[in-house]
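Asks: The lines below spell out each chain.
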Amino acid sequence: MEPAVQPVATRSLAGVATDAAPESADVVESPTVLDIQELAVYYGEFWAVRDVNLAVGENEITAIIGPSGCGKSTVLRALNRMNDLIPGARVEGRVAYHGVDLYDERVDPVEVRRRIGMVFQKPNPFPKSIYENIVYGPRIAGVSKGEFDSIVESSLQKAALWDEVKDRLADSALGLSGGQQQRLCIARAVATNPDVLLMDEPCSALDPIATGYIEDLMHEIKTEYTIVIVTHNMQQAARVSDRTAFFTAELDSDSDRRTGLLVEYDRTDRIFSNPTDERTESYVTGRFG
Amino acid sequence: MALLVADSVTGARRILDEPNPEIAAQLVEADDAIDEMHVSLLEQCYTMLAREAPVASDLRLIVSVIRVLHELERIGDLALRVAKAVDDIPLVACHPEVFEVLRALADNVAGRFLAVQRGWSAASLEPLAELDDIDPLIAFADPLVSRLMALSGDDAVRVALAAMGVGRSFDRIGDHTEIMASRLRYLVTGDPSYLAYEVTW
Amino acid sequence: MAAPSIPTAGSGAATGDILAGLKKKVDVGGTLFRLSLFLSLLVSLLVLVVLVSQVLVDGWPVLTTRFGDFLTTGLGSQPEISGIAQGLRGTFYLCLIVAVVAFPLGVGAAIYLEEYAPSNRLTNFIDINIRNLAGVPSVVYGILGLTIFVKGVGIGAITGGSTPLAAGLTLSALVLPVVIITTAESIRAVPQPLKEAGYGVGATQWEVIKDHVLPYAAPGILTGTLLSIARAAGEAAPLILVGTTTGFLTNIPAWWDVSQVRERFTAMPIIITTWARQPQDGFKVDGAAAAIVVLILFVVLLNSAAILLRNRFEKKRDA
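Chains as they are written, first to last, in the numbering used here: chain A, 1 to 289; chain R, 1001 to 1201; chain D, 2001 to 2319.
Do not take every clue at face value.
Claimed, not checked - Some chain A residues close to chain R (C-beta under 7 Å, calculated; not the full set):
no.	residue
1	Phe272
2	Asn274
3	Pro275
4	Glu281
5	Val284
6	Thr285
Claimed, not checked - Pair by pair, the computed Cβ-Cβ distance ranges are:
no.	chain 1	residue 1	chain 2	residue 2	range
7	R	Leu1131	A	Glu250	36 to 46 Å
8	D	Ala2014	A	Asn233	43 to 53 Å
9	A	Leu174	D	Leu2297	35 to 45 Å
Hints are computed from structural coordinates only; laboratory data are not their basis. Built from N, CA and C at the ideal position, the CB exists for glycine as well.
Just chain A, with the same shape it has in the complex (with noise of 0.2 Å):
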C-alpha cells in the first residue's frame, strides 16, 4: 500500500499533561503507529462516540476502558474499518496509520484489516479444521501453500497453543475450549503478520484461569506487535497495559442519547496512581460506574 496520500503530521507521545511530577523512568518516547485526530463515529443520527484524540505508541499496549455505552468497541473498531460493515456508519475526523489516513477514499479496507487484525469478545473461529482457520488469512492474501505449514506453527507458536494442538490440526477448530478457541483466534489474527492487533474484550467470555495465559501472552507477544484492547475489567487494564484512556458517555443536549467521549489519555501507573480528571478518579476506585 503505497502512501499516495500526504503523511499526516503525527504527534508524538512526550509526557502527557499531570500534575508538575519529575519524571523519573518515563523518557523514551516510541514513535506513534496509529495517530487519531478528531475522531467522531455515527451510526445514522445517532452520534455513538466524539473527539478522540489518540496517539498509539508501537510495541505498547494501549487500553481502553469506561463504562459501558460509552463507544470503546466503536472506536477498537474504527481503527481497522470494521464500521465499515455496519450499515449507516459514518466516520469523520482522520485515523492515520504510519501517517496514512486510513479513511481516505483510496484506501483499500480489506488491505487495512490484513495489517490491523482483530480479536472478538466471543471466540468465533471458523468451523473449519485448526489448519485451515489459521491459513484462511494468508491463503486469500496469496501467500504461497508452501509456506503455510511454518506459518501454522510459528501463529500457534505465539499465541502459546502449538504443544496443545501440534498433533490434531485437522481437527475442528469447535473442538476446543472456550480458551482454547480464543487463542486460536489470537493465532489466526497474527497469521496474516499484522502490525497491530485490536482486542475486544477478549478475555471477557474466559475463566480466569485462561485470562491469566492471554494476558501472559500479551506481555510476549508486545514485542513483535502494538496492541490496543478494550476490556471492562480494569485490574486487566492496569496490570497489561502501558498507557490507558479512559472514556465517558455524556448525555447530549439535542437528542436524549448518550455520545461517548475520551476523559483522559496517560500512562498506565498515573492513571491507576494519581488521575488529573476526577471522572477517571470516580470510575477507577469504583465510587461511580
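Following the hints, put chains R and D in place on chain A, whose structure we already have.
Replies: Relative to the frame of chain A, chains R and D by itself:
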C-alpha cells in the same frame, strides 16, 4: 489513634511542667492502647488491600496510612520515654537556661504534631500552612548542647544525660511528625516525590 | 392455593411440613394441555395413515402382481397393459429442469438480496412481493406458463410448445419464490461473528460469502431446494394448463435421451388425474392408486435425501 497519640504528646509536654508520676503512669497505660490500635488498624489496612484492590486516591490513602500508623506508634513510644524520665525532670528544671530550651523544643514539636494531626483528620494541607520553617537543629539542638556543655556542678552529668534524653525524644517526635506531614502531602497531591522525603530532606 | 410458607428448619415436625410443601401436586391444566396437544398429533397422523393405507390397499393388486411392468410400460387403452414409464421420465425431467433453473436463480437472487442490496424501501418492497408470489395459487403459474413458455413469441419456438421444457420452466417459476425465501432465511441465520471473523482477516465481501456464509447456510439452502423440487413434482394444475398429454404417447424414450424435453410428454400427476377419471376400475382405482404410491415414494425419497444431506452438513459445521 492519632488522637490517643496526641494526648501522649501533650502529656509528655506537660510532664516537663508537672513532673507528676501519676501522669507518667497514665502515659504508660495509654501506650498499650496505642500499640493495640496500631496492630488492629494495620490488619484492617491489609484486609482492605486484599479484598478491594484499591487504586488512585484510595490506594494512596491506604499506603500512606500504613506508613503513618508506624510513625504514630513510634511517636507514642517516644512520648513514653519522656514520661519515664519523670523523676529526672525536676532536676533539670533547676537549670532554667537548659530547661527553657527543652520547653521551647517541646512546645514547637507538640504544636507541629497537633497541626499535622489536624491536617490528617481533615485530609487537607491547610493546617500544615501554619507550620513554621524553623530548623530544629539550629533552633534547639545547638543551643541545648552548648548550654549543657556550659554546665558545671555535681549533677551536671546527670542533668546533661536527662536533658539530652528528653531533648532527643522530642526531636525525634519532630522527625516522625515531618514524615507524617510529607505522607499527607503525597495523599492530597498525588506527587510521588513526597514519598522520597527521608532521602531528600 | 395459598402460598406455601417455608417453616424454619430444625425439628422433625418441621421437616414433615417441608416435605408436604414440596410434594408433587396434581397439575390439572398442564395435563389437559398436554393431552390436547397429543390428540392433535394423533389426528394429523391418523389422516396421513388413512390416506396412505387407502392407496396401498387400492393399489395392492397392481403393485404386487405386475410392479416391474407397471414401471416400464407406457400408456395404453387397457389398465392391464398400462404403465407409468413415460410419466416417470416426464416427472424426472421436470425435476431436473426445476433443479437446474430454480436453484441457481433462486440462490443467486437470495444472496443478492441479503448481502448486497442496500437496506431501503425498494429492497423491502421486493422482499414483500417475493413472499406474496410464494402464496400465489399454482394454477395461476400454469396460466403464466401457458402464455409465456408455450405460446409466447420466440420462447414457444425454443421450448417447442407443451413440452417438459415449458412445464419445467413454469414449475421453476412456481417454486422460485420459495427457494429465494428459504435461501434468504438460511443466509440470514449465519451468525454475524462468523462473518466478522472473515472480514477481520482481510476477506472481501465475495470471499466471506463464498468461504463462510454459503458453507454455513448450505444445509438450509439444500433442504429448501430439495423440498421445493419435491413439491413441484406433485403439482398438477400447472401441468394441466401447460398442456401435458392426457391421452396416449407413442414411444417411451430412453432415460438419457435429452431431446424428449422438447417433445410432447406426460408426468405422474397428470397420469394420476387422467386415470382417476376413467370409467374402468382398473384405471380409476387400482392404477391411480398404484401411481400415487410411486409418486409418494419418489417424494419421500427426495425429502429423505434432503434431511440426510442437511444432517451431514450440520455435523460438519457444528463439530
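Asks: Now look at each hint and say whether the structure bears it out.
Replies: Hints versus structure:
Proximity of Phe272(A) to chain R holds as hinted, the smallest CB-CB distance being about 5 Å (cut-off 7 Å). The beta carbon of Asn274(A) comes within 3 Å of a beta carbon in chain R, closer than 7 Å, and the hint placing it at the interface holds. The interface hint given for Pro275(A) is met, as the beta carbon of that residue sits about 6 Å from the closest beta carbon of chain R, less than 7 Å. Proximity of Glu281(A) to chain R holds as hinted, the smallest CB-CB distance being about 5 Å (cut-off 7 Å).
With its C-beta approaching chain R no nearer than about 5 Å, Val284(A) sits inside the 7 Å limit, and its interface hint holds. Interface restraint check for Thr285(A): the shortest CB-CB distance to chain R comes to about 5 Å, inside 7 Å, so the restraint holds. In this structure, Leu1131(R) and Glu250(A) meet the distance hint of 36 to 46 Å, their C-beta atoms being roughly 42 Å apart. Restraint check, Ala2014(D) to Asn233(A): a C-beta distance of roughly 45 Å satisfies the suggested window 43 to 53 Å.
Between Leu174(A) and Leu2297(D) the C-beta distance comes to about 37 Å, which sits within the given range of 35 to 45 Å.
In terms of the numbered hints stated before, the structure departs from none.
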